[in-house]
Amino acid sequence: MELLEADILLQLLVGGLLAGALYALLACGLNLIFGVMRVINLAHAELMLVGAFGAYVLFNIFGLHPLLSLFIIVPAIFVVGYYFQRVLIERVVERPMLTSLLATYAVSIILINIGLLIFSADFKSVPVLQGSFLVGDLVVSKPRFTAGLISLALTVAVYQFLERTRLGKAVRAVSEHAQVAQICGIDVRKIRMLTFGMAAAMAGAAGVMLSIIYSFWPGSGIDFIQKCFAIIIIGGMGNFVGAFYGGLLLGVVEAFVGGFFSTQWAEAVAYLLLVTVLLIRPTGLKGVARA
Amino acid sequence: MKHRLSLLAVFSAVLALLVAPVVTHAKDIVVGTSVALTGKYARTGQEQLQGFQMWVDEVNARGGLLGQKVKLVHYDDESKPETGARLYEKLITDDKVDLLIGPYSSDVTMAASTVAEKHNFPMVSSGASASEIWERGYKNTFGLYTLAELYMDQILELGKEKGLKKIALVYENTSFPRGVAAGVKTKAKQLGMQIVFEEEYGKASTDFSSMIIKIKSKKPDMVIGGSYLPDSTGFMRQAKENRLYTKIFAFAVGPGLPDFGTNLGLDAEGVMGNTQWEPTLKLPGASEFAAKYKAKYGHEPGYHAGGGYGAGYVLEEAVKKAGSTDRDKVRAALFALDTVNAFGRFKVDATGKQIGKPAYAVQWLNGERHIVLPEEAATAKVAYPFKDWGKR
Numbered sequence: 000m001e002l003l004e005a006d007i008l009l010q011l012l013v014g015g016l017l018a019g020a021l022y023a024l025l026a027c028g029l030n031l032i033f034g035v036m037r038v039i040n041l042a043h044a045e046l047m048l049v050g051a052f053g054a055y056v057l058f059n060i061f062g063l064h065p066l067l068s069l070f071i072i073v074p075a076i077f078v079v080g081y082y083f084q085r086v087l088i089e090r091v092v093e094r095p096m097l098t099s100l101l102a103t104y105a106v107s108i109i110l111i112n113i114g115l116l117i118f119s120a121d122f123k124s125v126p127v128l129q130g131s132f133l134v135g136d137l138v139v140s141k142p143r144f145t146a147g148l149i150s151l152a153l154t155v156a157v158y159q160f161l162e163r164t165r166l167g168k169a170v171r172a173v174s175e176h177a178q179v180a181q182i183c184g185i186d187v188r189k190i191r192m193l194t195f196g197m198a199a200a201m202a203g204a205a206g207v208m209l210s211i212i213y214s215f216w217p218g219s220g221i222d223f224i225q226k227c228f229a230i231i232i233i234g235g236m237g238n239f240v241g242a243f244y245g246g247l248l249l250g251v252v253e254a255f256v257g258g259f260f261s262t263q264w265a266e267a268v269a270y271l272l273l274v275t276v277l278l279i280r281p282t283g284l285k286g287v288a289r290a
Numbered sequence: 000m001k002h003r004l005s006l007l008a009v010f011s012a013v014l015a016l017l018v019a020p021v022v023t024h025a026k027d028i029v030v031g032t033s034v035a036l037t038g039k040y041a042r043t044g045q046e047q048l049q050g051f052q053m054w055v056d057e058v059n060a061r062g063g064l065l066g067q068k069v070k071l072v073h074y075d076d077e078s079k080p081e082t083g084a085r086l087y088e089k090l091i092t093d094d095k096v097d098l099l100i101g102p103y104s105s106d107v108t109m110a111a112s113t114v115a116e117k118h119n120f121p122m123v124s125s126g127a128s129a130s131e132i133w134e135r136g137y138k139n140t141f142g143l144y145t146l147a148e149l150y151m152d153q154i155l156e157l158g159k160e161k162g163l164k165k166i167a168l169v170y171e172n173t174s175f176p177r178g179v180a181a182g183v184k185t186k187a188k189q190l191g192m193q194i195v196f197e198e199e200y201g202k203a204s205t206d207f208s209s210m211i212i213k214i215k216s217k218k219p220d221m222v223i224g225g226s227y228l229p230d231s232t233g234f235m236r237q238a239k240e241n242r243l244y245t246k247i248f249a250f251a252v253g254p255g256l257p258d259f260g261t262n263l264g265l266d267a268e269g270v271m272g273n274t275q276w277e278p279t280l281k282l283p284g285a286s287e288f289a290a291k292y293k294a295k296y297g298h299e300p301g302y303h304a305g306g307g308y309g310a311g312y313v314l315e316e317a318v319k320k321a322g323s324t325d326r327d328k329v330r331a332a333l334f335a336l337d338t339v340n341a342f343g344r345f346k347v348d349a350t351g352k353q354i355g356k357p358a359y360a361v362q363w364l365n366g367e368r369h370i371v372l373p374e375e376a377a378t379a380k381v382a383y384p385f386k387d388w389g390k391r
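Protein chains in written order, with numbering that gives the first Met the number 0: chain A, 0 to 290; chain B, 0 to 391.
Read the hints as simulated data drawn from the structure, not as lab findings. Small disclaimer: the values here were computed from a predicted structure and weren't measured. One or more hints might be untrue.
[Stated by the list, open to error] Listed below are the simulated EDC-like cross-link pairs for lysine to aspartate or glutamate, each with C-alpha atoms no more than 16 angstroms apart in a straight line: (1) Lys161(B) - Asp220(B); (2) Lys215(B) - Asp186(A); (3) Lys390(B) - Glu375(B); (4) Lys246(B) - Asp387(B); (5) Lys202(B) - Asp136(A); (6) Lys215(B) - Asp222(A); (7) Lys390(B) - Glu315(B); (8) Lys246(B) - Glu160(B); (9) Lys70(B) - Asp94(B); (10) Lys168(A) - Asp186(A); (11) Lys95(B) - Asp27(B); (12) Lys380(B) - Asp220(B); (13) Lys215(B) - Glu4(A); (14) Lys352(B) - Glu367(B); (15) Lys217(B) - Glu4(A); (16) Lys217(B) - Asp186(A); (17) Lys70(B) - Glu57(B); (18) Lys320(B) - Glu299(B).
The following block holds chain B by itself, in its conformation from the complex:
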């Protein structure tokens, strides 16, 4: 019996922790967000949250927003759109937050933005780039990222310049990767290049070997992946195991993160990708942010962290401009804003879609991630072609 009682005590203690209300001071400005802290998008979600957290710390150190302290309430959406939607509902109706930051991934943003729209609550959306998010006539989703459709343009142009013709295109079956793929198809058509292989895969796919065997039989010149981190690293690892070789390997998201290099080691060499932001870009406060981030978290920030940080600044400027956290005033301010912060330019069109920020292509060279395109922002020259596995 005693045993059972103590179990009960532990259980109720745990329960109490779980349902403990968010304690805030009466005058705090509460910002709510949910990002993936577990599941497929965990790494990137965590980076975004840490970047945003740095802005919270900074703004409070500067005396807060409109003279009030900023407080962050955040949850884990487990990389699931349905959980994300539920959490934004909770943030708005239950926690009664004053301001909203979007989740990570286009997939979860699709769901979360619908909730924000229902409550007519403006949401600064870092971490989403699929253009379908802004094709639904919503008025409350403000994108920070360059659109997914533009991710691979520069790399395709490079391929064209080098005389490449045949593209193998693989992508996850969710919003953002499909957006990347749609962009690749449009651009390839423009450039007169041919998609010789195209296949979608599931969010939980870890084994790409059957797909790679098929790709090999099509003998493409370049492989392009609409991917996230785990699938792009898995694909490259298995490409090596199956001796798939093409002139260019390019993936969305994965190669833009330091983990790509640490997980793949030398096999990351030469792989191209896209980035929304790098610490080397000449932007106000970018290198200071990178240094502070590294000191705090022990590694260089990737673009997801930069996006989280930038979202904070966009929110700050909008609230200052609005003079309050009133939803209508903040929304109007976000539509009108044209500003440059450490993450880059922020300017949206009438749907809230980002139109001010350019795209950058990266490549892994000598164990480091470098911007290689466009040339004015490049920190290294493109290495072409990809070195064959046997010759490394």
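Bound conformation, chain A alone:
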């Protein structure tokens, strides 16, 4: 079978890893929020689209390259997320799960409709970095390579922050046990704001990356958020590293299923993977059983 040729396999693998890096960036943020405040942010993909449309606007009005607009969009969305947590999310933390689901769902609907009002339902894209380069016989898409690499770098940077810095330790402490963290003198509210800001910024960055790969419209979020849910369950709820592996895994599996079976199946594979992981390891790849 010609599909088993090494260069095609490699081609699929590289494509899958690059797509997976973007999933990972988005899903890690979602999982970070869940880990720290037990809130599932249903508006996460819309935050990503805010980033994508931000890149689109900056490109069309100021001609700013999306890679440069990252430096504006990421801090801006961080600030928005930081205060957004205080204004809205803080009120639903530690409430019944349904409350936070409803609140974030409302935010997602509001954002989608603001998007529709401003940008209409047309598909937009940012035409930069088109084409590809060759590494030997391997064709590497320029936008995907750039997006994959930056996504990877950002995710690793956030991970290092969580692992190495004092503030990162505080985030992890709140994630472990908020009350104990508070007793130890950590300002839990501040940490939650910081976490949400960071996760929002990650989503925004993912959006900028999205803008150079795909066409998007204000309702594009649904496909991504569904995949992200699958990823965080596959990787383990609340686990940053788990979401990272889950994202990469999904990207690669989608590419291979698309290659060996069909693109149609590639769309369903997230959920097949989800069911499989739940059957074999109900806590997810990196999850720990917790009451």
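With chain A's structure known, arrange chain B on it following the hints.
Chain B alone, transformed into the frame defined by chain A:
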């Protein structure tokens, strides 16, 4: 508490807006339609609606239909067949419209036409072309578009003429794209060409790279897509990223729209497609419509806008011929009609299927969309072969 009260006020205001009844004057003729204003078919649905809206404005400026003012009621079906079916049910039973215009896309039309048939309500169906719509024995769906099965015939003939043999065929898994694909398969067999690759993809598919990698390994001479706008642009973009090169690239819908050029820029160059209509066609009122449309909406109308506009004229002629909006009389008039308007000829067979309108092939040349086939309607010569990515 005060806070909550004001929230409640806002909420009820929004609710009131949502459920506000359609206010019409007693004597208005109400035309109902639903098109995609969001979702995958949004761009095309919106064009169709705007084209139809122009007819509404014109007919009212001319003193209305049968001396009555025409009023349009429209909804957004979100590109979903199930929503479309629900909305046509609402248009017929709740809004009690007098006349019906079909939705955009064969997919939604399949669902909506079933509702119209149930109520025995004739529907002028712009924006649908899959022949399976007319294979169910219905008596109330009147097509405007050339059939999906015929979309790629001229392009395949061109391929044959140039000695091409191997075709890669990709298409969305819904009615219209499947119709296009069925047509391609039949025609290819007739011409003795070979389908070396065939694959369906989902309505929400945005990533075609795995598919493209497989296509490359089959080394086809031409790629044909049964597509809409977002997937055809996505495919071309990724074809370039993955260095897929064939002699002909042809897609349904996408290349027939101005957005194809604006989204892809230079990468659109040489891509072929199909069109139902172009402003350059020698049809009564076509260029006037195009000019007025451009003045109103800021861009040239594509064929979806032309179809919406044409549907208005077909409806107008049928109602005039019937002398009323009585469903049975309008249906009989639509079956009997053989007319040419700005969109082209309208003549249907006993199932309501369009048989009077020819197909046209387009190609993107120097940043513009040109009819290249058939020659009598062409505004430019076919550029062959497609220029390799590296040589652009």
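Hint check results:
1. Lys161(B) - Asp220(B): With a Cα-Cα distance of about 10 angstroms, the restraint between Lys161(B) and Asp220(B) holds, given a limit of 16 angstroms.
2. Lys215(B) - Asp186(A): Not satisfied, since the Cα-Cα distance of roughly 57 angstroms exceeds 16 angstroms.
3. Lys390(B) - Glu375(B): Status violated; Cα separation ~31 angstroms.
4. Lys246(B) - Asp387(B): 8 angstroms, holds
5. Lys202(B) - Asp136(A): 32 angstroms, violated
6. Lys215(B) - Asp222(A): 27 angstroms, violated
7. Lys390(B) - Glu315(B): 51 angstroms, violated
8. Lys246(B) - Glu160(B): Holds, at about 13 angstroms.
9. Lys70(B) - Asp94(B): 12 angstroms, holds
10. Lys168(A) - Asp186(A): Roughly 13 angstroms separates the two Cα atoms, so the pair holds.
11. Lys95(B) - Asp27(B): With a Cα-Cα distance of about 12 angstroms, the restraint between Lys95(B) and Asp27(B) holds, given a limit of 16 angstroms.
12. Lys380(B) - Asp220(B): 20 angstroms, violated
13. Lys215(B) - Glu4(A): 13 angstroms, holds
14. Lys352(B) - Glu367(B): 31 angstroms, violated
15. Lys217(B) - Glu4(A): 13 angstroms, holds
16. Lys217(B) - Asp186(A): Violated. Lys217(B) to Asp186(A) sits at ~61 angstroms, over the 16 angstroms cutoff.
17. Lys70(B) - Glu57(B): 12 angstroms, holds
18. Lys320(B) - Glu299(B): Outside the cut-off at roughly 32 angstroms; violated.
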